Amino acid sequence: MSQTFKIRKGHDIKLVGSAPITDLGRITASTYAVTPLDFPGITPKLAVKAGTQVKAGDTLFFDKDRPEVKICSPVSGEVAEVKRGAKRKILAVLILADSDITYADHGAFSFSGGTREDAEAHFGTTGVGAFITSRPYGVAASMSEKPRAIFVNGIQSGPLAGDLAYQLTGKEKSIVTAVKALKLMTEGTVYVSHDADQAPIEALQSLEATHITFSGKHPKGLVGTQIAQTAPLNKGEIVWTVNAIDLPTIGAAFETGEYRPEYRITVAGSKVINAGYANALQGVSLAQFLSANVNTDNTRVISGDVLTGSKIENDGFLSFGQSQLTAIPEGNTTEFFGWVLPGFGKFSTNRAFWSWLFPNREYDLDTNMHGEERAFVVTGEYEKFIPMDIFPQQLLRSILIGDIEKMEQLGIYEVVPEDFALAEVACTSKLPLQEIVRNGLNDLRKEMI
Amino acid sequence: MKFVQNIFDQTRPLVEKDGKRNILYPLHNAIETMAFVPDHTAHSGAHVRDAIDLKRTMVTVIFAMVPALLFGMWNIGRLHFGAFGEESTLLDNVIFGAIKLLPLIIVTYAAGLGVEIYFSWKRNHPVNEGFLVSGLLIPLIMPVDIPLWMVAVSTIFAVLIGKEVFGGTGMNLLNPALTARAFAFFAYPTWMSGDKVWINTTSTEGSQLVDGYSGATALGDLATTVGQGMGNPATETVMAQFGPEGTYSLANAFLGLIPGSIGETSAALILLGGLFLVFKGVGSWRIMVSFFIGGFVMAAIFSAFAVNEFMGLNPLHQLMLGGFMFGMVFMATDPVSASQTATGKLIYGFLAGFFGIMIRVFNPAYPEGIMLAILFMNVMAPLIDHYVVEANVKRRAKRLANA
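Line by line, the protein sequences are chains A and B.
With the numbering used here applied, the first sequence covers 48 to 496.
With the numbering used here applied, the second sequence covers 781 to 1183.
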C-alpha cells in the first residue's frame, strides 16, 4: 500500500536547457580524482600515498574518527598526487587510471544466512557504505549505527533533474539486491519514495519495501521533506538515506564484491552545447568532455543541480554521489537600476516583479546575487519553501548565536543544508542559509561526540 | 550607462580605505548599488538567486505610499485655500502642498541618512535600505505646520535610539517612523496636537480666515464630547459634523477630505496601497486583516456600551478617522518590529488594532492611540513570538516523548 503526500510549499525552478533522452556516449579520461570535500563530517586519513598502485575498490582514505567509513578508488592505477591546501588539508587524491580496470575482489555476499554483521562488514570493505547518508548531521553513515529507518529516495525534482527511469534502465537486478542488503541493516522500515507526477519507475515500484508517493512541487525530491512528512526525526534517532541512483553501485558490490560506481549522468543547462545523458565513472576528469560539450566562456559548471551542487573548474572531476552536470552563465555583470524596473523577464518566487504574469516560463538564469547581503528583515519568507513543521528563521538565528539547546528544540535534527536551498534562493537578504545550517550541524556534532 | 559606471569607478579611490574621504564610502557604495545592481555572484550554496532584494522590497512599499502622498499634498493646498474661503484649482492645491511637503521629506531624508551613513562608516557595513521607507513615512505622519527642525530632531532621535543602538536595520525593536512621531508628540505637544497645526493658515495680504473656521481634527472634536453623556444638546453641533452632510462624514473620512497628518487622511488610497502590498507579497495580509478586525471589535464594543458620543460613533466611521488605516497598512506591517511568526502576526495585529481604538477613546488627550498601540505591540511582539515558537518546541518534545 502506498501513501500519497501532496507538497504544496516549495517552488519548481524552471530553467532552459533540460536534457532530452539522448545518449552522449561515454566520458573517458586518464585521470580520476576523489575529494574528501564531497564528504561533510569526515576527517580524512590517507590509506595511500603518491606512487601507490591501487585497484578499483581499494581504500583511498577513511574517516579518522570512524575508521570503518572508507572511501574507495573508482578505478585501478597509480596514485599520481595527493593535492593539499592550506594547513596540509587534503583536497583530492588523483589517480592515473589503467587502460583496463582491475577490481579488488571483496567476494560476493551470500544472502542465505547472511547476518547484519556480515552485511555491515561488506558495506565497509567494498566502500559502498559511503553512499549512505546518516541523519541527523547529513554525513556519511557509519555502518555500526542502528538506523530507525532507511529512506530510498526515488524522486529527482530539482532544477533540470534527469529522468531517473532512464538513468536506472538496465540496472534493475542490482537495485533489488541493494534493497535486500539495506533491509539487513535496520530493524525498522525501509521506505522507497515515488514521484506521483512522473511515469512510475518499474524497478522501484516492484521493490519489497514500504512505498511512499509524493506529488506537487520541489522539494518533494528532497529526502528531508519525505522524512518530515512520513515520520519526523527526533533527538537521539538515526535514519539513513540513499538516493535510488546509487542503488546499482551498492547492489553490484553485493553481487560481485566489486566497486563499480558507474552512472548515467544528466548533462543540462543553458551553456551546454549538447544536452543529454552520458555514461561515466564517478571521479572521472571532465576536462575533455567539458571543452567539447560545454560553452565554457564565462560559465559556471556545477557538479549537481543549481540548488545544492558544487562549483567545479573547467578541468574538474565528477563529484562523488552526483549524477548531474549543470552549466549556466556566470552573472558577473552589473544591471542599471535593476531593482526599480518592472522586471517582466526576471526570475522571482515573489510577485514583486511582473514576471509573475508568466508562471510557466523557463529562465536562463545566471549566478548573479541580484543584491547585497543584509540582515534578516523580511519574515515568513522561508516558511513558504520548507514543508516541515519548523520555524526556519528562528532556527537559523539560534545557529548564528551558537545556542545548541535552542537548535535542538527548534528541530535542527530534522534538517540538512539542502532543505534550506530553495529558501536560500528566495532570501531577500541574500544570506548563505545552507552554509549556516552546515555550520550549525558541525557545531552540534562536535558537542555530541 | 558606461559613463555613469565610470564616474563611480573614478571616485572610488577617494573614498576607499586609504582615501581622503573614507567617511563617504557608505554613501558612495549606497548610490552605486542603487544605480547598478552589483556584479556579485553566488559563492556558497545555491548558484542561482531570486531577483528580489531589500531595495526592491522597500521600493515596492514606497510605490504603495505614492497615492496617499500625492493626495496628502493636494489636501494640504485644498485645506489651506479653503480656510480662507479662496477658490483654488487642482494645480494650485498640489503646488502649495508640494511647497510645504517637499522640505519635510528632504529634511527627514537628510537627517536620517546622515545618521545612517555615520554608523555605516563606523561599523564598516553598507547603508541599509530600511530608511528609504522610514524617511518617507515620517513626513506623512506629521502635521503640516510642524517646524522643520523638530522633524530633523525627531528623525535623528528615531534612527539613533530607535534603530542604531540595537544594531541597525533588522535589529530594531520599535518601528523607527513611529518612534520619530512619538518623540515629536511628547517633546513638542503643542506642535503635534490641538487645532493650530493641521491646516496651514499663513495668510497672504488681504486674506482672512472664513467665519467659523476651525483647524481641529475629527478626533480633536470628538474628544470634546467626552464626559457630556449621550444625546447632550451641548454636543449637537460637534456631532452634526459627523452626519452625512457634515465635514467629517463617513464619505469624507473614507476619501480623506478631512484635516489630519499629511498622509493619513485618505483611507481609500491607503487601502489601495495596502492591497498593492498584499498582492506583491511584501505586506502581511495577516497583520492588516487582524488589525482591522481588532479595531472593529473594540469600536463595536464601545458603540454597544456607549456613555458618550465618542464611544457611540459608528465602528466603521471610527476606523476611518485618525491614523488607524495608515497604521494598519504601513506601520504595523513593518516586518522587523512586528511579530515574525504567522500565528503571531494574527495576534499582534488584532491587539494593536484593539488597543489603538481603546487608547484613543479612553484617553482623549492621546488622539493618536494607534501610534502608541503599535509601539506597545512592537515591544510585545517578541513575547508573542516566544509563545508561538514555544508551542512548536513543545510539540516536538512531545513527539520525542512518545517515540
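Hints may be right or wrong, so weigh each one.
What the hints assert, rightly or not - Using 30 Å as the maximum straight-line C-alpha spacing, the simulated DSSO-like pairs for lysine-lysine come out as follows: (1) K1178(B) to K282(A); (2) K193(A) to K111(A); (3) K797(B) to K477(A); (4) K453(A) to K1178(B); (5) K96(A) to K493(A); (6) K902(B) to K880(B); (7) K1174(B) to K193(A).
Simulated from the structure, these hints should not be mistaken for laboratory data.
Computed from a predicted structure; not experimentally measured.
Holds or violated: K1174(B) with K193(A), Cα cutoff 30 Å? holds, 27 Å
| K96(A) and K493(A): Cα distance at most 30 Å? | The hint holds at about 29 Å.
Problem set entry | Hint consistency between K1178(B) and K282(A) [alpha-carbon to alpha-carbon, up to 30 Å] | With Cα atoms ~11 Å apart, K1178(B) and K282(A) stay inside 30 Å; holds.
### Message
Hint check: K797(B) vs K477(A), CA-CA at most 30 Å. Holds or violated?
### Response
Satisfied, since the Cα-Cα distance of roughly 25 Å is no more than 30 Å.
What's the verdict on K453(A) and K1178(B), does the C-alpha distance respect the 30 Å limit or exceed it?
holds, 16 Å
message: K193(A) and K111(A) were given as a pair; does the straight-line alpha-carbon distance stay at or below 30 Å?
response: holds, 20 Å
Given pair status - K880(B), K902(B), alpha carbons within 30 Å: violated, 34 Å
Checked against the numbered hints given earlier, the structure breaks only hint 6 and satisfies all the rest.
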